[in-house]
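Two chains, two separate frames, one set of hints: put the complex together.
First to last, the sequence lines map onto chains X and D. If you count the first sequence from 1, position 248 lands on 248 in the numbering used here, and the numbers rise without skipping. Numbers given in the numbering used here equal positions in the second sequence, counted from 1, plus 1000.
Just so you know, these hints were derived from the structure itself, not from any lab. Mixed in with the good hints, there may be bad ones.
[Said to hold, decoys possible] With a straight-line Cα cutoff of 20 Å, these simulated EDC-like cross-link-like pairs (lysine to aspartate or glutamate) come out:
#: 1; chain 1: D; residue 1: Lys-1030; chain 2: D; residue 2: Glu-1108
#: 2; chain 1: X; residue 1: Lys-68; chain 2: D; residue 2: Glu-1064
#: 3; chain 1: D; residue 1: Lys-1030; chain 2: D; residue 2: Asp-1103
#: 4; chain 1: X; residue 1: Lys-68; chain 2: D; residue 2: Asp-1091
#: 5; chain 1: X; residue 1: Lys-68; chain 2: D; residue 2: Asp-1092
#: 6; chain 1: X; residue 1: Lys-106; chain 2: X; residue 2: Glu-229
#: 7; chain 1: X; residue 1: Lys-106; chain 2: D; residue 2: Glu-1012
#: 8; chain 1: X; residue 1: Lys-68; chain 2: D; residue 2: Glu-1051
#: 9; chain 1: X; residue 1: Lys-106; chain 2: D; residue 2: Asp-1091
#: 10; chain 1: X; residue 1: Lys-68; chain 2: D; residue 2: Glu-1043
#: 11; chain 1: X; residue 1: Lys-106; chain 2: D; residue 2: Glu-1060
#: 12; chain 1: X; residue 1: Lys-68; chain 2: D; residue 2: Glu-1108
[What the hints assert, rightly or not] Here are the in silico distance ranges between beta carbons for each label pair:
#: 13; chain 1: X; residue 1: Asp-220; chain 2: D; residue 2: Gly-1026; range: 55 to 63 Å
#: 14; chain 1: X; residue 1: Pro-21; chain 2: D; residue 2: Glu-1060; range: 26 to 34 Å
#: 15; chain 1: X; residue 1: Pro-21; chain 2: D; residue 2: Pro-1061; range: 26 to 34 Å
#: 16; chain 1: D; residue 1: Thr-1083; chain 2: X; residue 2: Ser-14; range: 36 to 44 Å
#: 17; chain 1: D; residue 1: Gly-1026; chain 2: X; residue 2: His-26; range: 49 to 57 Å
Just so you know, even glycine gets a beta-carbon here, dropped at the ideal spot from N, CA and C.
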Amino acid sequence: MTAPRQPFFPADRSIRASENPLEIRHLGVVDYREAWELQAALAQQRAAGEIGDQLLLLEHPSVYTAGKRTQPSDRPTNGLPVVDVDRGGRITWHGEGQLVAYPIIKLADPVDVVDYVRRLEEAVIATVRAVGVDNAGRIDGRSGVWVPADDHRRDRKVAALGIRITRGVTMHGLSLNCDNTLEHYGHIVACGIDDADVTTLSAELGRDVTVAEVTDPLIDALRAALAGELVVSDHTFASAPDPTKIPARSDL
Amino acid sequence: MTSLPENYSYSEDHEWIDTTADAAAGSTVKVGITSVATERLGEVVYAELPEVGDAVTASEPCGEVESTKSVSDLFAPVTGTVTAVNDAVHDDYSVINSDPFGDGWLFEVEVTEAGPLMTAAEYAEANGVA
Chain X
1 MTAPRQPFFP ADRSIRASEN PLEIRHLGVV DYREAWELQA ALAQQRAAGE IGDQLLLLEH
61 PSVYTAGKRT QPSDRPTNGL PVVDVDRGGR ITWHGEGQLV AYPIIKLADP VDVVDYVRRL
121 EEAVIATVRA VGVDNAGRID GRSGVWVPAD DHRRDRKVAA LGIRITRGVT MHGLSLNCDN
181 TLEHYGHIVA CGIDDADVTT LSAELGRDVT VAEVTDPLID ALRAALAGEL VVSDHTFASA
241 PDPTKIPARS DL
Chain D
1001 MTSLPENYSY SEDHEWIDTT ADAAAGSTVK VGITSVATER LGEVVYAELP EVGDAVTASE
1061 PCGEVESTKS VSDLFAPVTG TVTAVNDAVH DDYSVINSDP FGDGWLFEVE VTEAGPLMTA
1121 AEYAEANGVA
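Only chain D is shown next, with the shape it has when bound in the complex (with noise of 0.2 Å):
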């Protein structure tokens, strides 16, 4: 299992962003899927991701991901505008499952508002991950 990063914060459905939830309102910041979902998803096939100048809500679809057969969706961590979309993914699905925190980064978002965020140790904890 991939070790979390300490200074990311976590949704419970399995998003991250690259900053800690008070830094992140009026800023811009990555969003990702953590390893956790990776790992349960397998090999990710496609992605629908949103678009540059979409508005996102915390907690609610903001696409989806195709993986073993099966379609689950994206949930946004955070709200705010969409200001850059990972283009390099659809060249190349598998670098969400190798580096989910790194290059397999989705999106980017100029936050109005986060979402409910855990911290690293918090979403480990709630995860069972040692």
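Okay, chain X solo, but in the shape it has when bound (with noise of 0.2 Å):
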């Protein structure tokens, strides 16, 4: 079910509503909380047709964000504070080092949430891969993008997602460690999923690879994947079940 399926309307069209240019805003460092308040007005003047699209770029200060499906057991055991969102996923950590993506898009009707997360993911392993990572992909059962195990370590995470979409309107997006700390990480369970570990791409090409580097790229590639330019394909490595799926009572 995650891994790309025929789309209900032609690869090579645009997911978006309108054929008017992205707005391009880099905000910098920001704040957490200010950056969701700025994302949630910025959401409803879209879907009131105030504005255009729009793509936020930033890096957050640390901070642990965590959807409503986060267990217990996934939060954070240093006392580092985590805010609470109205995310898609379980918890993650952002901080400076990692660039975040925030499309804030209306999208053509009928909303096809698979195939704007599925064109996400195609922009950031396009990213990805031209910066030097050639085997980054999917796994399929599982979101974001990943880089296939080797004989020394096992799939990591290099870029995660969680979207909120209200009237047609995208907000959150995704987040692509570049050279940030994994400390961080390793007082979580990152996305519920306790097999697997997380990387940025400094740590898998043995250099610094910074948020300015990957930026750009990461831009025209978001660009064209919503436009249909850049076409979704199966970069599929390997399958995992998705344990945050387990649909228990006791999972609420």
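What follows is the structure in structure tokens.
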């Protein structure tokens, strides 16, 4: 169900409702809650037709954020604060050195959530591969962008996604680990997945890959993927159950 | 694609009620999300539904569903009071995908006023369903 499936309209068509250019906003380092309020305000204005589609690029100071399905056992053991948020997915960490992209986009109707998520992943895969991680791809059953296991290391996630769609307008988005510390992931069960690891572009490539280096390539790839110029294709290298989908009532 | 039940009515926001628009006011109807919505949402992993006694307003959000790392709003297709909730979906959300017009129903509403609703044929036409 999570692997690329036949889209409901041609894959080379734009998923955006509008043909006007995407407005790109570089925000620098912004406190999580401040950025969240900005996103909510922009999404409301976009839904009302007061503004056009936006793409926010930023970094957050160190913070954990938790979606509704986050389990008590996923939460940090180091006493750092957690912001409970309204996106999909469970717990994650944001911090400097991690590029965050929040597309505030009005999607074409009927809203195709699966297609939107796969297009974001496609853009990240293209960006990550272009910078040198040639084997990055998808794991069927899990969202995000992954680097496959080798002799020494397990599958590891380089980019995470979490989305909210209100009145056909997207908010939240994706985070791509560039040269951030991985220390803070050690205190949580990131995304509720405990049998895999987290990585950065710098760790994978053995050189410093900064947010600045990948920002423009990511913008270009996102623009192309949303427009249907970069077509979603199958970059699945493995299949694994998503442990967060165990649908027991006790899971709530 | 699951075929659309002929005797149901459909909202622009992809919810259904299990009766015609004319018959809705004053009656108690089941509410769910359509196959058009479920196929585009992907696998539903969580749903937050209104509670019994809650007032819901047509075309206004009344809950949320999460699928594919995304949270989407659930909109009420009618105005009225919630009289029952399908707790069984919390035991296995996949029923929303596998049987959206049957066992995957979400809640029941005693209707005071129907929202803007379409027939199966109108909804199919609006969403390119064959």
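A quick look at each hint next to the structure:
Under the criterion of a C-alpha separation no larger than 20 Å, the hint pairing Lys-1030/D with Glu-1108/D is consistent with the structure, at around 4 Å. The hinted pair formed by Lys-68/X and Glu-1064/D meets the criterion: a straight-line CA distance of about 11 Å does not exceed 20 Å. Our distance criterion of 20 Å between C-alpha atoms is met by Lys-1030/D and Asp-1103/D, whose separation comes to about 11 Å. Using a Cα cut-off of 20 Å, the hinted pair Lys-68/X and Asp-1091/D holds, with the two alpha carbons roughly 17 Å apart.
For the hint linking Lys-68/X to Asp-1092/D, the alpha-carbon distance of about 17 Å falls within 20 Å, and the restraint holds. Restraint check for Lys-106/X and Glu-229/X: the C-alpha separation of about 18 Å stays at or below 20 Å, so the hint holds. Proximity of Lys-106/X to Glu-1012/D is assessed by CA-CA distance (about 16 Å); at most 20 Å being required, the pair is judged to hold. Distance restraint check for Lys-68/X and Glu-1051/D: the Cα-Cα separation of roughly 18 Å lies within the 20 Å cut-off, and the hinted pair is therefore satisfied.
This hinted pair does not check out: Lys-106/X and Asp-1091/D have alpha carbons roughly 33 Å apart, beyond 20 Å. In summary, the hint linking Lys-68/X to Glu-1043/D is supported, as the alpha carbons are separated by about 17 Å, within the 20 Å threshold. Only pairs whose Cα atoms come within 20 Å are accepted, and Lys-106/X paired with Glu-1060/D is accepted, the gap being roughly 18 Å. Between the alpha carbons of Lys-68/X and Glu-1108/D the distance comes to roughly 24 Å, so the proposed pair goes past 20 Å and is violated.
Judged by the Cβ atoms, the range 55 to 63 Å given for Asp-220/X and Gly-1026/D holds: they are separated by roughly 56 Å. Distance hint check: the CB atoms of Pro-21/X and Glu-1060/D are about 32 Å apart, consistent with the given range 26 to 34 Å. For Pro-21/X and Pro-1061/D, the Cβ-Cβ distance of about 30 Å falls inside the hinted range of 26 to 34 Å, so the restraint holds. At roughly 43 Å, the beta carbons of Thr-1083/D and Ser-14/X sit within the given window of 36 to 44 Å.
Separation of Gly-1026/D from His-26/X is about 56 Å and conforms to the stated range, judged on CB atoms against 49 to 57 Å.
Of the numbered hints stated above, those contradicted by the structure are hints 9 and 12, listed in ascending order.
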